[in-house]
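Chain by chain, the residues run as shown.
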Amino acid sequence: MFNIAGKRFWYFLISGAVILAGIISLVVFGLKPGIEFTSGSMLTMSFKQPVDSSQLKQEVFRLGYTNAIIQSTGQEQFLIRTGELSSEQKTLLEAALTDKFGPASETEFYSVSPLVATETARNAAIAVAVAAIGMLLYVTWAFRKMPRPFRYGTCAVIALLHDVLIAMGVFSILSAILGWEINLMFITGMLAILGYSINATVVIFDRIRENLKLGVSADFETVVNESLVQTLGRSLNTSLTTIITVLALMFFVGASIQNFVVVFMIGLVAGTFSSICIAPTLLIVWDKKEWGRFLPWLPLRRAQA
Amino acid sequence: MRRNTLTFILILLVIGFATWLILPLQGERLGRQGMRLGLDLVGGVHLVYEAQFPEGATAEEKAQDMERALNTISRRIDKYGVTDPIIQQLGADRILVQLPGFTDIEAAKSLVEQTGFLEFRSVELDADGQPVYLSNYLSDNRTEFFDRSEAGSRVFVARRDIPDRKIKKDNPVVFIVKEGGRLKFTDETGDPIDTAWLKDYASEMPSWIPARGNSGVQLTGGYLTEAIPTVAQQVTGPDYQVSIKWNDEGSIIFDQIAKRLYNSGAYGTPQRALGIFLDNKLISDPQIQEPAYNGSAVITGGFTQAEVTELANLLSSGALPMPLKKPPLYQEKVSATLGASFIEMSLKAGIIGLLLVMLFMIAYYRLPGLMASIALLFYAVLVLALFKMIPVTLNLAGLGGFIVSLGMAVDANVLIFERMKEEFRAGRTLGAAIEAGFNRAWSAIRDSNVTTILACLILYWLGSSIVASAAVMGFALTLTIGVLVSMLTAITVTRTLLRLFVGTRLAKKTRLFNVV
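These protein sequence lines map, in sequence, to chains E and F.
Start counting the first sequence at 1; every next residue gets the next number (the numbering used here).
Start counting the second sequence at 1; every next residue gets the next number (the numbering used here).
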């Protein structure tokens, strides 16, 4: 029999380290919001002739869009991001670029006004918060026949926040390196993680519930560990099949839903880890009142300092 | 066992029906349509506008205006022959317009945005019956209009292009309104403007005032019953015009105005002209040639064929009851070629993902894995059939949600099979282990799937509450349908298939079940 639950403080250490790195990145680099959250226009143009990226950049700057961001998104295809463009400004910009770089077609155009951007950012934040509270209430309700059902809800939601933090942190590191921006697909991926992570946690909690009823052992830690071992195959296999389809999406569809795929992938790994190693073991910590062990050297350090 | 055979036949029937239902997947065949595809997959334009109501409009008036605006926009778009356009109200003051397959975003915007407010104006006359120009208003610090009987706004339009100010010929340059006992020079939106630069142009811009009937009612496009593009053959070539017909009331007002203008001056003088204004732009200022027109007239102005078609469309679809804020709150345009490549890529991702998941399930769980794989195929067919029946508009995110759900749909089977193994190891027979596996895994399947659905509901709410929403809602909807259907296929279908083997020779080979 594996002893999964016994190594819980190692898990907390690993998670803590990843979250800390993520938080540092979030503070230092932050998340770059896309036009959905800040307003502006995004124009994708495909040129017929080869175009030099830096010349294009120069030309766009020369036309007065000094804050423009220009990215190459494919063969002779460029994404130009500016502040909100009026119809006339857009027509002038496109005319000026085709004058200089030859014929081009506009493959995509998005424009978001500041009003809508504020609304979107606010509602996305509300959605994530409501989802977390909803999950807390639901898990508490689903385990209402257990002693202290609130603990199950709380531990499940802590695992959830853990996944969200890791996904945000890792994404922030990636976006600092690769210049990615967060868009609505990011929020969609985030909420999909919420659903998935709790799903995995509930399966394990369900097994704990069953084993407690069967009276497998008087020791709570033994019960939890046994439940973890019993459900381990399921936890890993389901994650694997989901990862397969997410990878297929990543390789074949790529850029357009890149944000979703990447966030969901990070969340999937974090969620699998937290549903096995964080949520159930937190139940043990709570049951055994081991909170003190989290900070054993903290007072010591203080004394030294 | 008999009951199981019946269930099996029922499942085959359902699958057969669902397969028939989903074909063709794309395009049209044998008179049946393919899946309904979102704008990002077929290409098209997505716009969201905010209505600008006059100050002090009541909620009831706003609701009425919104309804009229939606109707007007629908009529305008109908004439362009866009298939399945969506024109919807969002919230209290927003209008969503989706035009699948129509990728000229600027044309789409001008079609929707133009208020289409047609009004008739005549040139203001001073006390001596002489036409008033902007220069007259600028020359002294006047606090009164020249024609005090007319309190409405004065419009001055450019008589030639003014490149420095980016103003084209016939477009409004300045308005004069009377406010608080003083005359105020404003732009189109009512903000005060600097008049210093106007001096060079002021003496050529006549003051246009509303043309009213004897009862004081202004002649507007609201009195039109018909507007059709026509062409008159002239010596110089075809002259494109719009023929209009007035209703009874409009006919009387029009003739009263015509008679007054006819008698106001000689042919060719400014006071003899009737200004036809569309959204404050002068589209034509023909000379009145007869004292009475008896209900019909033509609008000429050196138009092109495309211009008269658009003008006639605007006039006959009616004016918007209120202007829309420009630029739109949200604009999105995807080219058709980009959409087509998305479909191809998603199809590849879906098929490869599906095959890999099946391969894994069979390699790991053997015979039950094969059954789960068949159930997964059924799942894919059923979900697609539901998408078509409901119907769900599939966009890129929705397709993504569906593909991810293929991986998650086997979750219930994984749960059940793992449980089966345990029960078998605990000493049950294979048949009993299968039944126990299904029964005991149920509470976990139920409780865990509810959480996914809960997250989807919240996502759907988020999607419906924001403007750039189609992607989020599509994802939430496809994932919810996926979770619900997967509970059905992973449990009912797999169980029925597995039961077919219980009691046969195959069932003795425990290796096939990978349970040892």
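Treat each hint with caution, since some may be false.
Straight-line C-alpha distance at most 27 Å; calculated DSS-like pairs for lysine-lysine [as the list claims (entries may be wrong)]:
hint: 1; chain 1: F; residue 1: 509; chain 2: E; residue 2: 100
hint: 2; chain 1: F; residue 1: 79; chain 2: F; residue 2: 325
hint: 3; chain 1: F; residue 1: 79; chain 2: F; residue 2: 178
hint: 4; chain 1: F; residue 1: 326; chain 2: E; residue 2: 90
hint: 5; chain 1: E; residue 1: 90; chain 2: F; residue 2: 281
hint: 6; chain 1: E; residue 1: 100; chain 2: E; residue 2: 288
hint: 7; chain 1: F; residue 1: 166; chain 2: F; residue 2: 325
hint: 8; chain 1: E; residue 1: 90; chain 2: E; residue 2: 100
hint: 9; chain 1: F; residue 1: 168; chain 2: F; residue 2: 325
hint: 10; chain 1: F; residue 1: 245; chain 2: F; residue 2: 199
hint: 11; chain 1: E; residue 1: 90; chain 2: F; residue 2: 388
hint: 12; chain 1: F; residue 1: 199; chain 2: F; residue 2: 178
hint: 13; chain 1: F; residue 1: 168; chain 2: E; residue 2: 90
hint: 14; chain 1: F; residue 1: 421; chain 2: F; residue 2: 169
hint: 15; chain 1: F; residue 1: 184; chain 2: F; residue 2: 199
hint: 16; chain 1: F; residue 1: 166; chain 2: F; residue 2: 326
hint: 17; chain 1: F; residue 1: 388; chain 2: F; residue 2: 348
hint: 18; chain 1: F; residue 1: 281; chain 2: E; residue 2: 213
hint: 19; chain 1: F; residue 1: 62; chain 2: F; residue 2: 348
hint: 20; chain 1: E; residue 1: 90; chain 2: F; residue 2: 325
hint: 21; chain 1: F; residue 1: 184; chain 2: F; residue 2: 169
hint: 22; chain 1: F; residue 1: 259; chain 2: F; residue 2: 166
hint: 23; chain 1: F; residue 1: 62; chain 2: F; residue 2: 326
hint: 24; chain 1: F; residue 1: 169; chain 2: F; residue 2: 199
hint: 25; chain 1: E; residue 1: 100; chain 2: F; residue 2: 281
hint: 26; chain 1: E; residue 1: 90; chain 2: F; residue 2: 166
hint: 27; chain 1: F; residue 1: 509; chain 2: F; residue 2: 421
Here are the simulated distance ranges between beta carbons [said to hold, decoys possible]:
hint: 28; chain 1: E; residue 1: 115; chain 2: F; residue 2: 269; range: 46 to 52 Å
hint: 29; chain 1: F; residue 1: 186; chain 2: E; residue 2: 49; range: 45 to 51 Å
hint: 30; chain 1: F; residue 1: 432; chain 2: E; residue 2: 287; range: 32 to 38 Å
hint: 31; chain 1: F; residue 1: 262; chain 2: E; residue 2: 95; range: 51 to 57 Å
hint: 32; chain 1: F; residue 1: 36; chain 2: E; residue 2: 72; range: 30 to 36 Å
These are calculated hints, taken from the structure and not from any lab test.
Note that the structure is predicted; figures quoted are calculated from it, not measured.
Using N, Cα and C, we set each Cβ at its ideal position, and we do this for glycine too.
| Which earlier hints turn out false for this structure, listed by number in ascending order? | 1, 3, 6, 10, 11, 14, 18, 19, 22, 25, 31
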